[in-house]
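Novice: Under my numbering, the letters of the sequence shown match residues -2 to 116, in that order.
A couple of the hints might just be wrong.
Derived pair list, reagent style SDA-like, types lysine to any residue, alpha-carbon separation capped at 20 Å [as the list claims (entries may be wrong)]:
id: 1; residue 1: Lys57; residue 2: Met75
id: 2; residue 1: Lys88; residue 2: Met75
id: 3; residue 1: Lys21; residue 2: Lys57
id: 4; residue 1: Lys17; residue 2: His59
id: 5; residue 1: Lys96; residue 2: Thr72
id: 6; residue 1: Lys47; residue 2: Lys88
id: 7; residue 1: Lys99; residue 2: Leu111
id: 8; residue 1: Lys4; residue 2: Lys17
Simulated from the structure, these hints should not be mistaken for lab results.
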Amino acid sequence: MQKLTNKEEEIMHILWRLEKAFVKDVLAEITTDKPHYNTLSTIIRNLEEKGYVSYNAYGKTHQYFPIVTKEDYKTKFMNTAIENYFNSSYKNVVSFFAKEEKISVDELKEIIALIENKK
């Protein structure tokens, strides 16, 4: 699974939400830094080449749909981030968020409960 650019990832989030869409549909969903139609079309074709989307052809137009699920992408993305930034340590991930005050004590207790209930 190839790494996506920020713009490609933004487009994938739109396609995951819409499930299938024409370029014009995707363009309508972009709220900031709207690319030109042809630029967006190229980005979506790049996503196809990378194996993230496929399409149904209707004459000269294409309706695109994701073939990589959001869950699969999230798993790959998180595993890569944890490996690259936290030395493959989930303890380091949780510690990072605790130090940054991005996770509460109650949320940590919920995580502990989830782990204990899996045993």
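Novice: Against each hint, give a clear statement of whether it holds in the structure.
Specialist: For each hint, the structure was consulted:
A distance of roughly 37 Å separates the Cα atoms of Lys57 and Met75; the hinted pair therefore is violated under the 20 Å criterion. Between Lys88 and Met75 the alpha-carbon distance is near 14 Å, which keeps this suggested pair within the 20 Å criterion. Our distance criterion of 20 Å between C-alpha atoms is met by Lys21 and Lys57, whose separation comes to about 14 Å. For the hint pairing Lys17 with His59, the CA-to-CA distance comes to about 10 Å; that is within 20 Å, so the pair holds.
Proposed proximity of Lys96 and Thr72 is contradicted: the alpha carbons are some 24 Å apart, above 20 Å. Among the hinted pairs, Lys47 with Lys88 is inconsistent with the structure: their alpha-carbon atoms are about 33 Å apart, more than 20 Å. Of the pairs offered as hints, the one joining Lys99 and Leu111 holds, with about 19 Å between alpha carbons and a cut-off of 20 Å not exceeded. Between Lys4 and Lys17 the CA atoms are separated by roughly 18 Å; this keeps the pair inside 20 Å, and the hint holds.
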